Amino acid sequence: MSKEIKHNLFFEHSPEVVWDYLTKPELIEQWLMKNSFQPKVGCQFQFFMSPMPDHKFDGNMHCTVVELIPLKKLTYTWKCGPGDGSINLDSVVTWTLHERDNGTELQLVHDGFKILEDYFMFTAMNAGWLMNMQKIPTLINNAKNDTGKS
Amino acid sequence: MTQANLDAFQVIADPSRRQMLVLLSKESMTINSLAENFDMSRPAVSKHIKIMYTAGFITITDVGRERYCTLKKDGFSELQEWIDFFDKFWISKLKKLEALLNKKTK
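Chains as they are written, first to last, in the numbering used here: chain A, 1 to 150; chain B, 1 to 106.
Chain B with its partners taken away, still in its complex shape:
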């Protein structure tokens, strides 16, 4: 598996991972309690968790024997960066359009 380095969009492109993030947006959960919500093997859940962890969407904290997953800002910031990128992109393009049309005789 070469999935360890997925980017933020690839991470959330998977419905199971999105659902895990939605669950985690309500509260921190142990990997076990998270796994109970999904009809998949425990190793499959662990694989998703590893992907989300690597991409900066969650942190994992060991508490006794349990591993708690908590949402982390970094992964989400990358998504926001894309939207910010296109916002700036459009502002600069629209300025060009404005300049072109303003020059044009009516």
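One chain only, chain A, in its complex shape:
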């Protein structure tokens, strides 16, 4: 179980080329989604994807540019909800570029799943721990049976 999504890629292109694909709406659309992005801190924009009613997701990703350091770093919030103005998922997407001799290293981190913070405070929340948790009802039942006998 992880609380963040992280991917690293390498391109044999200059940071300028890679940066364009992260910040020009028509280029973003080619690989990511239709969008109303503008490269300005504070800019509120949307990504348009398919709704997923089962997950109470109306298909619009609501984002705000939080940080923008040309050719180096781009951060935006990543929020969505069922379409009634409420937000179910509140997270942050960060792109970092590092210039290398023969190209550019690009890192994507999607984290800050805000309403999950406390959830992930359950540091022991892994498969093993969940299994332990599921033993508890059995323990309680056993205790109950013991009480029943006495």
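The hints are simulated quantities; they were obtained by calculation from the structure and are not laboratory data.
All of these numbers come straight from a predicted model, not from anything done at the bench.
All C-beta atoms in this analysis are idealised placements derived from N, C-alpha and C, irrespective of residue type, glycine included.
Where hints are given, some of them may not hold.
Said to hold, decoys possible - Chain B regions said to be covered by chain A (calculated; three or more residues, Cβ under 8 Å):
hint	stretch
1	32-43
2	87-96
To be verified - In silico BS3-like links for lysine-lysine, alpha-carbon gap of 27 Å or less:
hint	chain 1	residue 1	chain 2	residue 2
3	B	Lys93	A	Lys40
4	A	Lys79	A	Lys24
5	A	Lys73	A	Lys24
6	A	Lys72	B	Lys26
7	A	Lys24	A	Lys34
8	B	Lys104	A	Lys72
Unchecked claim - Chain B side only, calculated, beta carbon under 10 Å to chain A, not exhaustive:
hint	residue
9	Tyr53
10	Ile83
11	Ala99
12	Leu100
13	Leu101
Based on the hints, put chain B in the right spot on chain A.
Just chain B now, kept in the frame of chain A:
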């Protein structure tokens, strides 16, 4: 109240419910002992418990006169599904970006 069918994210969007889940992550507790940790009416606590129960975050076991709350995997799995969804989402999008840039002449 139409809160019986909140999804997993709505369940944990409430600070009191998050705190209840944190308490329950340490041990199973009776509704009464759980309620002692909160400055709210017993019916209010019961309402939160019902919401968490309906969304699969806890189970309730009757032991004598007491009702024990225990964390349950299902609710948490739904949260993890979202993260897994976006992980797959990014992998497929990044592949597209890679293909585009690889095609592009340097």
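Checked hints:
no.	hint	result
1	32-43	violated (count 0)
2	87-96	holds (count 6)
3	Lys93(B) <-> Lys40(A)	23 Å, holds
4	Lys79(A) <-> Lys24(A)	21 Å, holds
5	Lys73(A) <-> Lys24(A)	14 Å, holds
6	Lys72(A) <-> Lys26(B)	42 Å, violated
7	Lys24(A) <-> Lys34(A)	11 Å, holds
8	Lys104(B) <-> Lys72(A)	21 Å, holds
9	Tyr53	13 Å, violated
10	Ile83	7 Å, holds
11	Ala99	8 Å, holds
12	Leu100	5 Å, holds
13	Leu101	5 Å, holds
When each numbered hint is compared with the structure, violations occur for hints 1, 6 and 9.
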